[in-house]
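Novice: If you want the building blocks of each chain, they are given just below.
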Amino acid sequence: MAEPAFAASRRALIDPLGATLAAIVAIAFLFQPLMLLRPNRIAPAQGAFAWEALPGLQPMACGIITALVVLILISRADARLRLAAAVAGLVGLGLAVGSGASHLLPPGSAYARVAPGAGAWLALFALSLATGDALVRLRLSPSGRIAALVVAAGVLAGFLASGLWSDLSVLREYASRSDAFLRELWVHAGLSVFSLLAAVVVGVPLAMLLRRVATLRRAALAALNVLQTIPSMALFGLLIAPLAWIGAHVPGAAALGIAGIGVAPAFIALFAYSLLPIVGSTIAGFEAVSERTREAADAMGMTAWQKLLRVELPLALPVILTGVRIVLVQNIGLSVIAGLVGGGGLGVFVFQGISQTATDLVLLGALPTVAMAFAAGIVFDALIDLSRRQETR
Amino acid sequence: MTPAAPVTPARLPTLLLLVCLMAFLAMPEAFSGLFAPLTRNGAAPIYTQAPLLFLTLNHLALVAAGTLAATIAAVGLAIATTRLAGLSFLPLARAVANIGQTFPPVAVLALTVPIFGFGPVPTLVALFLYGLLPIFETTLTGLTELAPEAREAATACGMTETQRLMKVELPLALPLILSGIRLSAVIALATATIGSTVAASTLGEVIISGLLTGNTAFVLQGGLVVAALAILLNEGFMLLEAIAARRAGRPSAKG
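Same order as they appear, the protein sequences are chains A and B.
Just so we're aligned, residue -6 is where the first sequence starts under my numbering, counting upward by one.
Just so we're aligned, residue 6 is where the second sequence starts under my numbering, counting upward by one.
Simulated from the structure, these hints should not be mistaken for lab results.
Be a bit skeptical, because a hint or two may be false.
Here are some, though not all, of the chain B residues that point toward chain A, as calculated from beta-carbon distances under 8 angstroms [said to hold, decoys possible]:
1. 93
2. 96
3. 100
4. 112
5. 203
6. 225
Remember, it's a predicted structure, so these values are computed and weren't measured experimentally.
Just so it is clear, CB atoms sit at the ideal spot from N, CA and C, and this is done for glycine as well.
Work out the full structure: start from the sequences and follow the hints.
Specialist: What follows is the structure in structure tokens.
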């Protein structure tokens, strides 16, 4: 790697991280196509650079904005200016992609598809990192970070609602199946959240029980560890056989929706994967409560319940929340596999897209999944920080 | 979390699992009686479109290649970002590895298909990307949480920077690095299973074929073999970690 040496020698003038990101933005603009044009949704794509994809004076505006963003990122500008530049770059990129799609799409063609090209994705990647980096440098408070997330979601919603992006291929795919999309989105979110809630309801009391019995704890953790190791597709598969049997032989089970294929194996598998992080982090959280704190609670005449609810649980909360965060992000990603066993969720679009070799359909399933996982991560990181503050107060 | 121990009676179940797996892979037909009750309309109880042993070896080869590449890249990156000159890249490297992890594996697989075509290559790319974070994180922890005395002693002995890295820092961090590789390999095993949706010939093929034809016997045997492999792989690495930890003079590796 040449960059570190370079960075060390020019430390005073140039921001090494910013320079790397700026280089990616510049390369994306100059050498990678901004947009991809396909005669139909599964045909091979043809690239169009920014100056080919945009109408009128827009290429020039795009070039000037890119140059300004690059300069600000390279310089040792203060974090607020870097943030403004990165966000301006992102908004500009969003406008350019929408405008390019409308410009490139041949009028009257129902089959042609325009999608963002490698240049747009690279620029998105670098500018998002620059935004994230600037936000880290600003040392936002937890509520500040959530506010930033809400603003970002608002801008994204604005773009989607304004119709600026409606000529993009992903939104074309969405337009032709908007009902199914909303339904699967809810199924996906529901699978991820309810399996997590079930794991919390079972896992936290289980952890408190295991905390008292050392031998049981070792065995239970080892069993959960093994469960965690089993790959998701295998676990979905292993659950299908017994669930099919229950659905066929236990009266009333089929009416509850328990069958070999469907939501049941997906839900149970997600629940099983959620247990280890929840149980593990709850045990760790309670172990972190010092003996002296417990003695103080006893000395104040607290009952066992009071001690649990007012001392131990609040102190263990940050660690428990860390487990919840891991599980939620993991479940949102794993729920995609549910599409394979008939459990629904956004994986339905991903697997349909794979079988039709339609990249846009894959994206329609994948992008909301990534966005959800990312947002869940940010929200829970902020919550963890908040619960830590509560503790030190 | 589970303390890694050398071969003891506690490892007997693992050995038994290994024997069962090898017996099943060597002569799957002998087990057809076990799977027959799960089939309907006289469907075959054992997957025969490709030998299970071949699929298993192919699966493991993909996992090995992907994990090896990820190990080289992640350890290299961790070393580079913990040297003085690379320190300012540390947050970025962390952020990139973290973001990579929020992408669902299926999406990575599906999106690399237009670039590399159907087959094993998209799977390898996904395995590589998914393998990075755990190895990077644990290597970083291993290198940064080293006792300062060890480093000072190495410098006092007149070791050069490179000698210190190769002879002191890396061996001491080895148990942690191995635990990262273990996590990565287990994740890779799962991702390689999903790889068969983009035509990599792995054990996922058996599960998917079972799902498509409604043959629960295929789904079960595919699931069982993959699950057994994952457990064995995990145990194998735990053993390696225990050995490395003993050499590094630690009581046990953090799992």
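Novice: Now, for every hint given, state plainly whether the structure supports it.
Specialist: Hints, one by one, checked against the model:
| no. | hint | in the structure |
| --- | --- | --- |
| 1 | 93 | holds, 5 angstroms |
| 2 | 96 | holds, 6 angstroms |
| 3 | 100 | holds, 6 angstroms |
| 4 | 112 | holds, 3 angstroms |
| 5 | 203 | holds, 6 angstroms |
| 6 | 225 | holds, 5 angstroms |
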